[in-house]
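Could you build the full structure based on these sequences and the hints that come with them?
One-letter residues, chain by chain:
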Amino acid sequence: MSTSLNPALTFATFVVGVPNQLAFSAARAAADSPRPPFNPLFLVATPGQGKTHLLQATGAQRLLVDPAATVEYVSWEAFLAKLGHLTKEQAVTEFHRVDLLLLDDLAGFRHGEVVERDTVIAVLASRLDAGRQTVCAGTIPPADLPGGEESINHLLGGGLVAEIGPPDDALREEIVRRRASFAGVSFSSPVIDAVVGLPCDSVRELLGTVSRLIAFQEVSPVPLDPAQTRVLVTGVVESDPMAPPSQMVVASGDAAARSPLLTARLGGDDPGDEDEFGSFLSEVVAGVSQQVDRWRARVADAILAWEAEGIHTARLHALLDQELPAQPEAVLERFEEDVNLLRTLAAEIASLAPDLADHESLRDPDQLVLAERLLDEARTQGLREFTPNASLLLSDLIEVTSNHAALTALRDALDRRDRSLSPILLVGDSGTGKTHILHGVANQMSTERAVVCLSAGSFCSAVAEAEREDRTREWTRRFAWAGGLCLDDLHLMADHPVAQSALVGILDELLEANLPIVLASLIPVTALAAFSPQLLTRVAGGLVIDLPRPDREFRLALVLRLLETAPIPVPDPGLADYLAGLEAASIREVQGTVKRVLRASHREGGVPTVAMARQVVESGHGFGAHPRSVVHAGVLGPTVGGTRLREKMIDSWPDIRDLVTETLD
Amino acid sequence: MPLINFSGREIICKLVYYGPGRSGKTTNLQYVHGRIPDQRRGQMVSLATHGDRTLFFDFLPLDLGEISGFTTRFQLYTVPGQVYYASTRRLVLQGADGVVFVADSQARRHEENVESLQDLHDNLLEQGVDIRDFPIVFQYNKQDLPQELVLAPDALDDALNFRDAPSFGADALHGSGVFETLKAASGLVLRKLAQGNGAVA
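Line by line, the protein sequences are chains A and B. For the first sequence, our numbering assigns the number 15 to the initial residue and increments by one for each residue that follows. For the second sequence, our numbering assigns the number 798 to the initial residue and increments by one for each residue that follows.
You may find that some hints are simply not true.
[As the list claims (entries may be wrong)] Cross-link-like lysine to aspartate or glutamate pairs, in silico, DMTMM-like; alpha carbons within 20 Å at most:
| hint | chain 1 | residue 1 | chain 2 | residue 2 |
| --- | --- | --- | --- | --- |
| 1 | A | LYS96 | B | ASP955 |
| 2 | B | LYS989 | A | GLU632 |
| 3 | B | LYS989 | B | ASP930 |
| 4 | A | LYS96 | A | ASP80 |
| 5 | A | LYS609 | A | GLU632 |
| 6 | A | LYS102 | A | ASP46 |
| 7 | A | LYS102 | A | ASP80 |
| 8 | B | LYS989 | B | GLU863 |
| 9 | B | LYS989 | A | GLU618 |
Hints in this document: simulated from the structure, not taken from any laboratory.
Here you go:
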């Protein structure tokens, strides 16, 4: 077996001289004898001195001597690569059967080599032990091989190390002559001397030089002279006015003639006179433009993405239209922030005022100011349904001895800016003025932000509906922009845990903001077992004001006010006293009786009198005529959805005209 | 050093030619300098010994004018290759946006190439640069020498360029491969522009 042996590389074609005599003899001995006295043989030389030639000649010679011999010529790189695919045992077996192993370009181990040194040692040791010849060649003596362990270097250097020196003049001359003779060309002695005289330490380089001379000589009609030889070899044109133009052309091209090999290695043409800097500049311009203008693509992508989501992108278009390059990331980040803010505003607006949610400004990040104004409007709309009755004013409250303390306490608590007595809880029977007070407070305390006024019943209904639509949080959020809260009929929130929880959140926000909170309940909160501890704690933490039932003094003042404001002639002086003397559980009861008396007098076209009032009352239309069980205002008991109040759920009306009148009121 | 200064409308790219002593780094800069049109040619600063060994560093500014609205400047530096100028190499390497590693193709100089490359890696790591993502181009110089004396670019790639960076055979003395190397290095650096980083801290 032989591997890649070049038939031209034999001992016969190897030119022997002093510098390579030892190496040649050793190689010849290794080829001729299966068991030479030295093993391995290591040929050391700089590149181009004939190491490969000798290795291949050794292999060829062995095959001449013993055609059945197994000869393998392999480069060190290929050898290591082959070992890399084998286990140590496989490698030893594989190379043990090779009679003559020729390792070329042995360069030691590189950093990161995958082959285990152990495998190399095992292969070499196996061969040496069996007396199988190994011939190596490299540029570095085995002792100096890099990356190997001492044991490997020792193995490789344990036989004969034969150095091949650079060719001396005699060897160079012989090489030139032999090469020219082999090519069938004859050089004159001066030409040969000129070649020999050139500085050249490599046989391979010398052979290349001779090959160029041979090539030139073959196409030249005249023999080469020494001067032309030096020009051809060195590329340096000598000052020779006698030189023919054709030769000058060849000479000027010698840089290229020297560089076909170079050109091939460099992978391109020589620089010549082309505008290399201009070419470089063009590439830089293209590179910078491409990279700098990448921002345009980035912005364009963002525009497409945002517009797909219905967002107006005028700001980004403006950026894209500008001439100067920009750093788009900051702009795009800001744009995204604005879009996110816009979406937050839009979500809140949708929860407060759905009819405003489609406004165009909510899709334009450049209209943030407008969107914020829209939100203000939505907040106003969201609270508009809770606007207090403007006709119910605190100043209209009738203050008498029985409620003076309560109203004074209320005013004092409202006047406290720190809201230290908040929330204020009004407790009183139905018709004791709680609702009037709540609306009066809301009207009085509203500033830029409206103090909302609503009943707990409405609150519970709204929360229940929002809960069904899974937007409880959005619904309750509107109260964050209220200027305060007046909540009537708190007791109706019993058995409404979700509404209580929502109210707790609202109370916390308002308390935190020091905004007025006034609640009203028919019964004391402490009696409401169905309230959550969180809500009870907050409610009980404020001021509790008990509102008394209207006494005679209150009723008299109320009747007088009603008669004074009625469009009637001056009534009977004893009428007010009579009406005030009637028992009444609520203010509304007094108001109802007075109105019926006034209507009766209006029907009869006369002035209301005590007699007329007595007739109205005794006919069952006055508050004094109703049995207590009917007019009693109190809790009948919890039912589904809250507490029913008898007074607010009038069961029977003696006259349909009264029903109409009451409803219109 | 930022690669691209949007507020100042300026792009400054610092390229450092690195490699063992006498591998041809200064020759590269000299060749580039010689090919710059007169109207653009600035002064090349070179601090060298009498033996033309780079003592401190070479500096060649390339003002390329306004490109896409940016004043574009390339700054080419060399480091002294000799082992004992380690601190100077580290100094010059600071703020580099890219490196051209100029290897000496001569087989006998191979170990010095390896040592210099290791030195480069050490210095980049020391300065917190991820060499896997750092613009680097290999130039295998002196390919004009006899083939017997030099390693082929492929062989040098195998030995040095294990990250498969762009590589070029070159004859810096006569210019072959010089601008090809510079173009490749500048291309890599410019591709890093959009990322806004890459300079050695």
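Quiz item: Does the structure keep LYS96 (chain A) and ASP955 (chain B) at a Cα separation of 20 Å or less?
Solution: holds, 17 Å
query: Quick one, are LYS989 (chain B) and ASP930 (chain B) close enough, alpha carbons at most 20 Å?
result: holds, 9 Å
*For the pair supplied as a hint, LYS102 (chain A) and ASP46 (chain A), confirm whether the alpha-carbon distance does not exceed 20 Å.*
violated, 30 Å
Q) Between LYS96 (chain A) and ASP80 (chain A), does the CA-CA distance stay at or below 20 Å? A) Violated, at about 26 Å.
- Query: If you draw a straight line from the CA of LYS989 (chain B) to the CA of GLU632 (chain A), is it 20 Å or shorter?
  - Reply: violated, 101 Å
Does GLU618 (chain A) lie within 20 Å of LYS989 (chain B) when you go C-alpha to C-alpha? violated, 101 Å
Quiz item: Is LYS609 (chain A) close enough to GLU632 (chain A), meaning Cα to Cα at most 20 Å?
Solution: Cα-Cα ~15 Å, so holds.
Item to check | Given hint ASP80 (chain A) paired with LYS102 (chain A) - CA-CA distance at most 20 Å | outcome: Not satisfied, since the Cα-Cα distance of roughly 29 Å exceeds 20 Å.
Please verify whether LYS989 (chain B) and GLU863 (chain B) have alpha carbons no more than 20 Å apart. holds, 19 Å
In terms of the numbered hints stated before, the structure departs from hints 2, 4, 6, 7 and 9, listed from lowest to highest.
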